[in-house]
Amino acid sequence: MMADSEIRTEEQPAEHPLVARLCGGVADAVLASHAFRGDATAIVPREKLLDVCHFLRDDAELRFDMLVDVTAVDYLGRVPRFEVVYHLYSVPLNHRIRIKVALDESDPSLPSLVPIWVGANWLERETWDLYGIVFVDHPNLRRIYLYEEFQGHPLRKDYPKAKRQPLIGPGAANSAGPAGPGR
Amino acid sequence: MSDELQTGNQVTEDVLELPFEPLELKMGPSHPATHGTVRLNLKLDGETVHRAEVEVGYLHRGFEKECESGLYYQVFPYTDRLNYVSSIINNVGYALACEKLFGIEIPKRCQYLRVIGSEISRMGDHFTCLGAAAMELGAMTAFLYVMEARELLWDVIDVMCGSRVTSNYVRIGGLSEDVGPEFPALVREKLAQVGKLQQDFEDLLLSNPIFRERMEGTGQLSSDELIALGVTGPLLRAAGVAYDVRRAQPYLVYDRLDFDVPIGEQSDNMDRFLVRVEELKQSRRMVEQCVEQLPGGPIDIDDPHVRLPGKGKVFTRMEELIAQFKLVTEGPHPPVGEVYQAVEGGNGELGFYLVSDGSGKPYKCRARSPSFSNMQALSRMLQGAMFADVVPTFDMINMIGGECDR
Chain A
1 MMADSEIRTE EQPAEHPLVA RLCGGVADAV LASHAFRGDA TAIVPREKLL
51 DVCHFLRDDA ELRFDMLVDV TAVDYLGRVP RFEVVYHLYS VPLNHRIRIK
101 VALDESDPSL PSLVPIWVGA NWLERETWDL YGIVFVDHPN LRRIYLYEEF
151 QGHPLRKDYP KAKRQPLIGP GAANSAGPAG PGR
Chain B
1001 MSDELQTGNQ VTEDVLELPF EPLELKMGPS HPATHGTVRL NLKLDGETVH
1051 RAEVEVGYLH RGFEKECESG LYYQVFPYTD RLNYVSSIIN NVGYALACEK
1101 LFGIEIPKRC QYLRVIGSEI SRMGDHFTCL GAAAMELGAM TAFLYVMEAR
1151 ELLWDVIDVM CGSRVTSNYV RIGGLSEDVG PEFPALVREK LAQVGKLQQD
1201 FEDLLLSNPI FRERMEGTGQ LSSDELIALG VTGPLLRAAG VAYDVRRAQP
1251 YLVYDRLDFD VPIGEQSDNM DRFLVRVEEL KQSRRMVEQC VEQLPGGPID
1301 IDDPHVRLPG KGKVFTRMEE LIAQFKLVTE GPHPPVGEVY QAVEGGNGEL
1351 GFYLVSDGSG KPYKCRARSP SFSNMQALSR MLQGAMFADV VPTFDMINMI
1401 GGECDR
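Same order as they appear, the protein sequences are chains A and B.
Heads up: the first sequence begins at 1 in the numbering used here, then just goes up one per residue.
Heads up: the second sequence begins at 1001 in the numbering used here, then just goes up one per residue.
Wrong hints could be hidden among the right ones.
Claimed, not checked - Keeping only pairs whose Cα atoms sit at most 25 Å apart, straight-line, the calculated DSS-like set for lysine-lysine is:
1) B:Lys1108 <-> A:Lys100
2) B:Lys1190 <-> B:Lys1108
3) B:Lys1065 <-> B:Lys1361
4) B:Lys1043 <-> A:Lys157
5) B:Lys1313 <-> B:Lys1326
6) B:Lys1065 <-> B:Lys1196
7) B:Lys1361 <-> A:Lys100
8) B:Lys1065 <-> A:Lys161
9) B:Lys1108 <-> B:Lys1311
10) B:Lys1196 <-> B:Lys1043
11) B:Lys1065 <-> A:Lys163
12) B:Lys1281 <-> B:Lys1190
13) A:Lys161 <-> B:Lys1361
14) B:Lys1281 <-> A:Lys163
15) B:Lys1026 <-> B:Lys1043
16) A:Lys163 <-> A:Lys100
17) A:Lys48 <-> A:Lys100
18) A:Lys157 <-> B:Lys1361
19) B:Lys1065 <-> B:Lys1326
Just so you know, these hints were derived from the structure itself, not from any lab.
Remember, it's a predicted structure, so these values are computed and weren't measured experimentally.
Isolated chain B, as found in the complex (with noise of 0.2 Å):
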């Protein structure tokens, strides 16, 4: 022993012979450093990750099922609670669907007020995720000045629909409620105050070189890699591919609003933080058009088969009365078909998949959700990466779980 210790070339051979197996180490369902339920099962050589396995559906609840055993209209606070940061944007798409199914045209004001619910839940969502990256990473304080952020664009959506995170505001063929005439500024005034907080957070990380080395050139994945795993969002365009449904498939005005489609080049979690960045400057600019070209005119379609008649008309003509009855203990009767519709989500392109057998309740209702694709692409990203590097790849994928594991 005490010549081994004399000869340090030795103890040096005999310790990198020493017998080691890699680590297994499993990260959640619940972990502090991850906002999501998920669980993620990691072989470490060291610090290098050798193989991730990722664990989904901690928060599975059964979501076309019930929305199977419900009539059409009863579906909404269900599609809320998929991508609950960003609820206005799964209740579009699921009317839209719905729509498109039932063959219906909606008014443009209701069009213009769905696009500025949609872009302000888009900001709610690309702030948290901002935010909670930065959190992650140690920036707490940055953290704070986006929830701010996001306090005022939750003023916005208690203002249009009463409440503030599961909103249930659409409806098909129209909207729960109307906006009065002091909405457009009221909100231009929360936008100011939200473009200045954005500024401040922009301030406060961009320039920070503890952040950016976290963020550069890690989670990389090639564009071809993140199309053939059906990854869409801001993941895909941070490698440099610009499909968003938005410009690809206009749906509501979007095809009347002028914006860009940021796009990165490294497909790294950095660019994926900047595309976002962008994004939130294009949203506020789609809202301020928005409210700048808002029309008057009704936010319903007049057709008490599929939408609710007012209630003056239920009170006092007897054929509203009955349309009213009928529409709401047996639903909207859309015609036998399928229809498919996708829209721009917080994550990616999140469709719809409705299967209609004629009667009131939606014999299939299916959710493609982003996360869910996105999520595959996280083992992919992590292979050979070192430890550090899954938390903010993580949270650059963003997993929802509620609309991930549905």
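Isolated chain A, as found in the complex (with noise of 0.2 Å):
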């Protein structure tokens, strides 16, 4: 499985600007960073997510006013589990940046950026629906691809690509439960 310390370590030791400009802005806000193929990534903690962004898309320097996407990676078999992954983009200055937070199995939650950027509400709903990341104080944290009904969360790893969901609707009553494993 893959480390970031690996990825680190393999080209750029020096920080890039841009997260050295966030270094500087958020006291303890940066956990570790790398510039893998120059794409400047941030691993921030949770309780700084909401300094960080507002941080981002205020300072003079940096003026993150887009959030391009919002998407997860469910690292499984690793401590902690899961990542939350924001692409943004300054559209006066023309740069990119990656933040990333590291949360664990048993609280995939964190705070959502939907007061940041109102961008982020769909985003955080297709994240909730397909890895189950919570986004606390999201307005309307519903499924937005999948049906209310449908059972866990495809895009984790330990969800197979072929399960087969339980029938709703008329008819499902009658049937013998849950269809059986496979096509």
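Both chains are given apart, each in its own frame, so use the hints to dock them into the complex.
Structural data, given as structure tokens:
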């Protein structure tokens, strides 16, 4: 399984200027960082996420006004198991940064970024839907792609690709429970 | 009763006092006036939209889960089916992300051909969007003109890769096949015909007062709000923000091409339409420059650990035979790491985020789709709008279900 230290040691030991700026602006905000293939990446603690994002959006030298993407990665077998990944872009200054938060399997939750970038709304709903990550204080944390009765979160690595879901709706009661495994 | 009828005022007041409640209207998921499988839950007060709730997900096919279970090169056919109107752009975006992960540089001829494929696809995408929008506002004839143009563009894609819609054209470190010496002449001929059809389309539509009234001033949203929502592409440019990945963070040979990034002012549906009309002309310029500058040389990198060696070598040499066997069965092995690569898709920033654990399968393969983020803005655009504005606003967002729902 991949460890972040492996990436860090591979190339560019010097800190990316955007990450350096973030370190200078918010105390104890960056646990680790790397710039693999030039992508500035900072791993921040969950407690500091809101402070970090406010700083990233409002600082005059950073001005990350667009939340491009939110997703998660499931490193099944590693502790902590999950990583939530944010990709940010600054339209006026034309630069990008990736922010990651590591989350333990026992409590996969972190604050919602909807108060900072309204565009986080659907992206966080998607991450909840497919990975089961809870975004605290999200205005409407419902599944977005799948239906409410869906069991489990399909992009988790322990969700088998060919798993069948129980039937819902009219006629479901007549069937003999969940269909058999496989296709 | 008869007394009330005699006094007209009384009757009018009574009518006003009739209890009413907002009308809940479910539009979709399969509605004749929306090209896309999506459901809008509208709350209407007369003809005014009070609230519009957008439900997506009807075309969710588990893109990421499928990608994680295949080898790196097996992802390409899935990317075709993201934005299936401009599939080569998706191919290129995924290939560039892989090449960034592998740390390889592709030959110049390949880069030019990828740009030609991308821009031809983009033109097909924009024509579809504009034609369908015109059709849904009643202009059936205009739609037929641009469909003819799209057929001509797909003729070019047919020559490039042998298929018209789901291209599966690009490979990691190369392309599925090269073009012949007759290709530049064919492209010039088709582009000239496309240009004429586009002119006819504009003449038919742009001075039509009914069309203009449906489009002008509808669906407006400020640029600040669009940026906060993560909206990119023609929608954002129509609001006056000249963000285009091809210009802001050039990839392939876009930095060698002379093109303009058109922007609008009003951020309404008309500007979104006109920005796309102008981008069609810019794409045509780019393709013309590319066929002019198209260099010779190979289209594939010479690295049998990433790109299949030619059959001539595989059948005659042991090393290449082994490399092909290993590549097909185990997949190419990138270093451990993560990359994000963005390209300008038909509807905005299309990004691929790859995480590698060093094996031949992507540990994670995420597509950041512009349609998904753009659709999020729809309910804001429709708030307080007239019911008749729903269709043109939805058309100009140009939601592509395959890309939005993945």
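*asked:* Run through the hints listed earlier and report the numbers of any the structure violates, in increasing order.
replied: Of the numbered hints, 1, 4, 6, 10, 14, 16 do not hold.
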